[in-house]
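A.B. asks: Spelled out from the first residue to the last, the chains are:
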Amino acid sequence: MDLAAKLKKLSLTLEQKNNYLYKVVVKSEQLESLLLSFINEFDYITLDSINCRDDLEDGVFTITYCLQNRNRDHIVMIQTSIERENATLPTMHILWPQAEIMEREMHEMFGVNFPGHPSLIDFALEYWNDIPPMRRDFDTLEYVNKMNPFRGQRDDALDAKEEMKKRREAKKAAKLKAEQEAAAKEAQKVKTNTSEEVQR
Amino acid sequence: MNSLFLLLNLLPIIYLYKFNAYAHFSVPLGGDFTISFTQTPLGTFFAYLSLISMLLVVVAQRGKKFTFGYYLLQFLLSMAMLIIVFASNFITFFIGWEIMTWSSYFIISKSEKIDTKSLQKYILFSLSSAFFLLAGMVIAYSFANSFDFKTLSDAFGSIPFGIKVSIITLLSIAFFIKAGVIGLHYWVLDTYSRAPDLFSSILSAVMSKMGIYGLLLLYGNIIGYHELKSIYGTILNGTTFGYIIAWVGVITSIIATFKAITQDEVKRLLAYSSIAQLGYIIAVVGIGTNYAVAGALYHTLLHTVIKLLLFINVAAIISQTGKSRFSELGGLIYKTPISFVMLLIGIIGLAGMPPLGGFASKFMIYNATIDVKFALILIGILFSGAASFLYCYKLVYGIYLGHPTSREIESTKEVSYSYLIPQIVLALILILTGAFPGAFIKVVNPVLKEFSLKSIPYDKPSIMHSAVGDFNGLFIMSAFVVIFVLILLLVLKIKSKATNSLNRFDISYCGEIPTVNTRLHYGYGFGTDLHRINFANQILKRSSSGFYESLSTQTKKLSELFNRAYRGNIHNTMIVILLFFSILFFIGVSQ
Amino acid sequence: MIFQIILLIMLAYSVGFIYFGLYRNITARIQGRYGPTVYQSFYDSIKLFCKKETLSYGWMFYLGPIIMATGAVLTLILVPVFSDSDFLRSITSQGNLFVLLYLMVLGPLGNALAVGTGGNPFGVMGVVRGLTRLIGLELPFYIAIVGLIIAANSSDIMNIIDIQKTNGLNIVNHPLLFIASMISMVGFFGESPFDIPGAPQEVYSGPRTEFSGKFLALLMSQGSLFAFAKLLLIVDLFLGGADSLLMLVIKTFVIFVSVIFIGIVYGRYKVEQAVDFLMRLPTLIAILGLARVVWFA
Amino acid sequence: MESGFYGSSIKCKLEESGIPNTHAIMERVVRWFESRSIFVIAYGTGCGAIEMPPTFTSRYDAERMGVVGVATPRQADLMILSGYLAYKTLRRVIRTYEQMQKPKYIISLGSCPINGGMYWDSYNTIKKLDDYIPIDVAVTGCMPRPEAIIEGFVLLQERIKNGEKAGWEKYDKNLKFYKENQRRVLGDHTDPSYETDWYNLGGGDI
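Protein chains in written order, with this note's numbering: chain A, 147 to 346; chain B, 1440 to 2030; chain C, 19 to 315; chain D, -2 to 203.
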């Protein structure tokens, strides 16, 4: 497709994931100009999402912009990677208005900074004073245990294993009892029959 | 100095008290021109009205810095109004009218908020009213050969029909301009809102009533309602003339009411509301039955009282806070409680609610219209009355209720006593007229006799009689008070305690807490719903200003034309002047 | 006479509450529910009176509901109850129809002051919508009232009742006026489609947003009194009053139920839609009825 | 039918209360009225909100027990918290609860308010709601059916009628405990410490 040719000029490769999903990998310096050209020249008017992946091992965030053009027949993923510490990205809310809230969420969850963003205020977490929760070095379980520990068991609570064993035994005993009673009934029946015969 | 002018304003009242009815004295100026006065009951009523309200305004002006000239002009104005109400011929009336115009003009020009445009508006409209008056009286003179009211009214029957109509129309327009009928109200708003705050009360309460006095004098005294009936014929049970004037009044009141609701400036709202209230009066002035005249007079009195109260109150608040818009004021109820109560009494009167006097006058007006079966007129009045609740509520809410809109408002103190005393006096008058509505009939009956209408039955001051049923003001007020007190005691006895909220920002606001930047005062969005209602929108989107603007531009063009004629050498000018005089000469010959 | 007044208030209180209970029941049945007991509104009011806390925003807020209740009681005692007996006749003769028309608005305005003092913008929004709706709502009602007054040539309700004795009920003589005033009544009872001012969804239950405990209870009680007074007024004006308690209850109940049945099947108008509607069809009907009174009677 | 039933129950209660103590009797009567009319503010915090409409509308008609929905916390006696609460929600919930007028009760729906439920390891969801505000009746289940909710209403009504110690009394008694729990999770931003100096501008005093 002609998009590949256009990207060739920018010395970028367009690799095809499947028949509707394409992917471009760019350096973080190129990103802004590329996105500009995508909306201006290639007419990709829709920004589906901005995704962030925390590659702790490489010490980078991998950011992915998913774009669609007018005839919504395929998606182009523009992928770039930025440093983890004091990570910074250009804000895209001028090109795509919906980018504002996506970037706001990313800033809150990963601590990525967007210079010139109009509203980088609290989004879902109010007054968050820990490291951003979606980073992989943020230990969720520890945080949860610190903030709101589990509810301890009630003082009249019972040990589950013991209870199960007791119940099983009780069941067994009941079964056994029932069998014995049945046997006794049988015996009685026989006795009565014999006694009748005796009367006759 | 203030006390001196207090005395000066007090003197005529005392003098008037020992003045006997139908006293007459005149100063001949040679020819038909005489300055002559007669004390009629109608004139006495209006004289008392203007003098007492002037006195109260002077009381309110105590302790403020007004120049000697200001006081002098104000005194001149009140004297001018005395001349008007006691004049017994057109010359005297006209002189008084002119003095009133000019003195008020100079007072208004002393305001710091005034600008040239509105000053020009005021003087232009006042002068045009004076010229209409002049034209009317000159035509009348040319047929009756006398400026005197009495001789004119005797000779009026013999005047040809067209001339009668033209005289009535010219004089009516002259007075309509003063009263600010819709279409001729262009000057009212800017003047009322830009004039000195205390003088606005005089403008609205007293000077507009001079128009009403003129109308009553013209229809009742000079021409006479029977004459009007014979001129215009009858419709339903009243006169056609009355029907036309009534429609003028009703349309005025409805349009002004809807305009008033959407105003953001306090004094502009009051200006519109006073136009609307005068609309009620004009609606019944023309009808000319005894109840109609009584209603007109009664509403004149009460509107004077109410508008004085409201304007003085608003002037006090403006001087205290320096703010004059609803979107800037608000939340003053616990800062200035006495003023709040005064304004509350004022708007209850303005809305015409039963316990206070405002209802009695409106009741008379309703009866007058039912008496002559002008159903649509009555419905129009009732309708604009229902709409007027909105601006009454806006007035009290925007200033006193809701949340304070700025930090300065928070530190407001109670207004000074020189403002409060007149308000208290006026509020007492309102309450008394509410309790004893019938007492006013004693004042009206002589006027009715003067107009040769049959008088209204009167037995007790607390009972208001009318053609279609009567009501007992004292009973309703006392019942209201008693029930109120009982329920209050009941509620106080109930065991569930009412704890006072620590702060007024602790409102249930969907779980959020409003901050400084949250706009909690609804004064911002008040009356915006009206624009979405078709009927109201039709009224609100039109305005008379466009017409007058175009008129002024056309006049400018015309003057350009004349200017071109005068430009150049002296000969053309001479020729133009010669032509003009020759035309005049030929006209003179031809007659 | 005091005894009679107390009797009347008790009657109106109980009857009003039972009517509102029936109203809730009928609504429930129409919606396919079982519905609460008939005395539910009474329970609610008692509960609210006995709340341990009640929030107030200063003396004006305190007095507002009391003014409203006063207006309701005054309206109630000024409407004639029985057509023949001289029950409270000495009081009802003190006022007339115009006094009632204005007393019906006095209470809500008094309460509006309290709402403004509370300072909740939702409450004031509700008040403004209510007053705006009133512009449209009063028009057909006023026309109907004026028509009746001109027809009877008296604004005294007793005379209107007496005239109906001689020449037929007004509902028969002036059906158009009756229809118009009933459409207004739907609004006066705060029924759909004219119930925007107190809408819980749109304006956060409007004027009553900040009221709690005994104030809310007071508002509810005066509402039932006021409703009964309005029903009495309609019965007196159009159904020729009631000569016995039974007839009174029957006639008022018939009016009440018909109002419910009109109101219950409609959605909720916006305020401008409501006013536009009221200014078109009901006003036209009322004007026709008025014309019939003024010219062809 | 209910009225008859409850009426008889009141009568027998009075009989067993021995010496007729008018004050106690009045208390009982008032409590009975309170139990018969409950105004609900339904706070849809989580997925449980979807069970609210069928509870209050034609299918399971809660109004027949005098349980009616209202819009504002000022008029409400009972707050229904349906489902899990994020910290952000918890702040509003506390605000709303403190705006309700006493006596006031809370019903929590679902297992999330009890022990976190499926959000047991979420960094933004509280586990034990009763640490922050007192819960009168906790209806378990994920989600509880409307029948269960109505069961909760009936239980609450019984408790009110018997005059058992209600949640708001606990909240008043150990306010310190609740407040410090709230402060632990919400930081120093719990109500009423949204400090603007507007906040201390007093209203009018009677």
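Hints were generated in silico from the structure; no laboratory data involved. All C-beta atoms in this analysis are idealised placements derived from N, C-alpha and C, irrespective of residue type, glycine included. Incorrect hints may appear among the rest.
Claimed, not checked - Among chain D residues calculated to face chain B with C-beta under 10 Å, some are:
| hint | residue |
| --- | --- |
| 1 | S55 |
| 2 | T86 |
| 3 | R89 |
| 4 | V90 |
| 5 | Q98 |
What the hints assert, rightly or not - Simulated pairs of lysine to any residue, SDA-like, Cα-Cα distance not exceeding 25 Å:
| hint | chain 1 | residue 1 | chain 2 | residue 2 |
| --- | --- | --- | --- | --- |
| 6 | A | K292 | A | K317 |
| 7 | D | K167 | A | D302 |
| 8 | D | K176 | B | N1729 |
A.B. asks: If a hint holds in the structure, say so; if it doesn't, say that too.
C.D. replies: Verification of the hints:
1. S55: violated (28 Å)
2. T86: Constraint on T86/D satisfied, holds at 9 Å.
3. R89: holds (3 Å)
4. V90: holds (7 Å)
5. Q98: holds (9 Å)
6. K292/A <-> K317/A: The hint is violated at about 43 Å.
7. K167/D <-> D302/A: Satisfied, since the Cα-Cα distance of roughly 22 Å is no more than 25 Å.
8. K176/D <-> N1729/B: Since the Cα atoms of K176/D and N1729/B sit roughly 74 Å apart, the hinted pair is violated (cutoff 25 Å).
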